[in-house]
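Engineer: Now for the letters of each chain:
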Amino acid sequence: MSDATASVRFENVSKTFDVSVGGSVQAMRALDDVSFSVGQGEIVALAGPSGCGKTTALRILMGLETATSGSVVVGDKPVHGCGHDRGMVFQHAELLPWKTAIENIKFALAAKGLTKVDQDRTAGRYLDLVGLARARDRRPYQLSGGMKQRVGIARALAIDPDVLLMDEPFGALDSQTREALQMEVLSIHERTKKTVIFVTHDIDEAVLLADRIVVMCAGRIREIIPVAIERPRRDIRAIRTSHEFVTKRTVIWEALHDAGSLTATAIA
Amino acid sequence: MAISSEQRAVDRVDAYLARSRTKAGWHVPDWAITTVSLVAVLGIWQAAGPWIDPLFASYPSAILAAGERMAASGQLSKALWSSMQPFLAGYLLAAVVGVPAGLLLGRYRVVRAALGIYVTAGYSTPLIALVPLLMIWFGLGFMVKMVIIFLLTFFPICINTWAGVRAVPKSLVEVGTAFCASQSTIMNEIVLPAVLPYIMAGLRLGIGKAVIAMVIAEFLTAITGLGGTIIKAANSFRTADMLVPIIVIMVLAVVLTHIVTLIERWVAPWQSEIAGDDGA
Chain Y
689 MSDATASVRF
699 ENVSKTFDVS
709 VGGSVQAMRA
719 LDDVSFSVGQ
729 GEIVALAGPS
739 GCGKTTALRI
749 LMGLETATSG
759 SVVVGDKPVH
769 GCGHDRGMVF
779 QHAELLPWKT
789 AIENIKFALA
799 AKGLTKVDQD
809 RTAGRYLDLV
819 GLARARDRRP
829 YQLSGGMKQR
839 VGIARALAID
849 PDVLLMDEPF
859 GALDSQTREA
869 LQMEVLSIHE
879 RTKKTVIFVT
889 HDIDEAVLLA
899 DRIVVMCAGR
909 IREIIPVAIE
919 RPRRDIRAIR
929 TSHEFVTKRT
939 VIWEALHDAG
949 SLTATAIA
Chain C
442 MAISSEQRAV
452 DRVDAYLARS
462 RTKAGWHVPD
472 WAITTVSLVA
482 VLGIWQAAGP
492 WIDPLFASYP
502 SAILAAGERM
512 AASGQLSKAL
522 WSSMQPFLAG
532 YLLAAVVGVP
542 AGLLLGRYRV
552 VRAALGIYVT
562 AGYSTPLIAL
572 VPLLMIWFGL
582 GFMVKMVIIF
592 LLTFFPICIN
602 TWAGVRAVPK
612 SLVEVGTAFC
622 ASQSTIMNEI
632 VLPAVLPYIM
642 AGLRLGIGKA
652 VIAMVIAEFL
662 TAITGLGGTI
672 IKAANSFRTA
682 DMLVPIIVIM
692 VLAVVLTHIV
702 TLIERWVAPW
712 QSEIAGDDGA
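As you go down the protein sequences, you meet chains Y and C in turn. Whatever position you read off the first sequence (first residue = 1), add 688 for the working numbering. Whatever position you read off the second sequence (first residue = 1), add 441 for the working numbering.
Be aware that a few hints might be false.
Unchecked claim - Listed next, the stretches of chain Y that the computed footprint assigns to chain C, with coverage defined by at least 3 CB atoms under 8 angstroms from CB atoms of chain C:
no., stretch
1, 777-784
2, 792-800
Said to hold, decoys possible - Computed list of lysine-lysine pairs in PhoX-like fashion (alpha-carbon distance at most 25 angstroms, straight line):
no., chain 1, residue 1, chain 2, residue 2
3, Y, Lys787, Y, Lys804
4, Y, Lys787, Y, Lys800
5, C, Lys519, C, Lys673
6, Y, Lys787, C, Lys611
7, Y, Lys881, Y, Lys800
8, Y, Lys800, C, Lys611
Worth flagging that the hints you see were computed from the coordinates, not collected in a lab. Ideal placement from N, C-alpha and C gives every residue a C-beta, glycine not left out.
Extracted from the complex, chain Y is given alone in its bound form:
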């Protein structure tokens, strides 16, 4: 991937946490010299066993953590804290319980500085986009898990970011809802051509959605695996039974399996 078309670049990013273990402070290396870039409009999955640093990488990209060394560049600007060029979808939606669906989206738009009239119009449009126009005045407790995450996606998209970040967005959902939302993400990507970077531990999800899968292990990139399934990806049955899907599923399973056993030996 040439840097000219890159939307996101990780340049030698390392992150060390201080962890107190039994009274003494130990340095834990969450990311170790991670470099990769993501092209404009590309969908990239970060996969790997838990504790491999994939969520840390996403959080640094969002500006919720700072890298110990190295830098992350979005567009042509290095990341320093938050920014409206990135929109985040959280693992458990994290809607504000005291706000209705539309107010949760307006919260993000108000933070971006839109006028009240524009907030209303834009929030309504994105609620429509995720098919929840009827639920606009409901509070999160009146929404199902899938509906909450749809609002979460609408909130992240509404600020019109260059890059959509998703942290295991569908991990807590049942398989039918998860599949519906995966198709939704594909269709939104088809329409908006946004760059999407997401963390997942679901191999099927990674292969179904991503152009490339970054397999991580113990804070390093183990392998970057391209997925050559044509876009638009609309026919889920055809994709799931395609040769490429089945092959890449196995390749990633093997990569993750090796990564897992490596982590296990590293700890032992």
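Starting from the known structure of chain Y, arrange chain C on it as the hints suggest.
Structural biologist: Quick look at chain C alone, frame taken from chain Y:
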């Protein structure tokens, strides 16, 4: 296609909510059950009346008669008014000081390190033991009563608010950070709403404490108000007269607690909805 499947999901949630509302099976409302329970207990108590020695206890109709007499003479309303002044002043002062103090303790490390120890100590100390000293400082009148009520009410309100700030979900604050919300927006739209249920719980708890403080203050300082009426009636063995102000205080506490609950529903409507939905 996606929209119609989502509409089905909306309908499913509606159906679920409707079902859970009528799950109980029989449809006698709660207030009716409470009324039946009250009538039964009062009835048994009244029926036992003839066997009760009027020195040791009383029974509903005797208490009611005493209450009517005391109300007609103006004694009761005078005592109530005399009690309410230090009560409201002490309670409101405790709320006005306690809530911001709790917010500061929870939010700022320096405040916590400097002042947290006094709040914890004050909460743990039996402050009633300070009453003799407080009388030397503030005399026997309105002032000392207000201070006693303030002291006993301040700490639960403050500690609850403090605990509330510590319980604000970090993940929700991160939502504010990720979308570049300002510090004041994060405080007003994320932290405060999240702490509100704890503040209201502290204010509810505070009413119970303030009522106890009020009665004790009237017992131990100048014998006035409803507490004073209790002491005077008890000293002359008029048990029914003694129970009248106790019942007035009980009703007062229940009504005030209910008012705080109503205020909570008004300022934090999502809270009772969430609790009602999960707790059913």
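Engineer: Go check the stretch 792-800 of chain Y versus chain C for me, would you? Three or more residues, Cβ under 8 angstroms, otherwise it fails.
Structural biologist: holds (count 5)
Engineer: What's the verdict on lysine 881 of chain Y and lysine 800 of chain Y, does the C-alpha distance respect the 25 angstroms limit or exceed it?
Structural biologist: holds, 21 angstroms
Engineer: Do three or more residues of the stretch 777-784 of chain Y come closer than 8 angstroms to chain C, measuring C-beta to C-beta?
Structural biologist: With 4 residues in contact (Cβ-Cβ under 8 angstroms with chain C), the coverage given for the stretch 777-784 of chain Y holds.
Engineer: Verify the proposed pairing of lysine 787 of chain Y with lysine 800 of chain Y, using a straight-line Cα cut of 25 angstroms.
Structural biologist: holds, 18 angstroms
Engineer: Compare the distance between the alpha carbons of lysine 519 of chain C and lysine 673 of chain C with 25 angstroms, and conclude whether the hinted pair is satisfied.
Structural biologist: holds, 15 angstroms
Engineer: Within a Cα-Cα threshold of 25 angstroms, do lysine 800 of chain Y and lysine 611 of chain C meet the stated pairing?
Structural biologist: holds, 21 angstroms
Engineer: Taking 25 angstroms as the top limit, are the C-alpha atoms of lysine 787 of chain Y and lysine 804 of chain Y close enough?
Structural biologist: holds, 16 angstroms
Engineer: Need the status of pair lysine 787 of chain Y, lysine 611 of chain C: alpha-carbon distance at most 25 angstroms?
Structural biologist: holds, 17 angstroms
Checked against the numbered hints given earlier, the structure satisfies every one of them.
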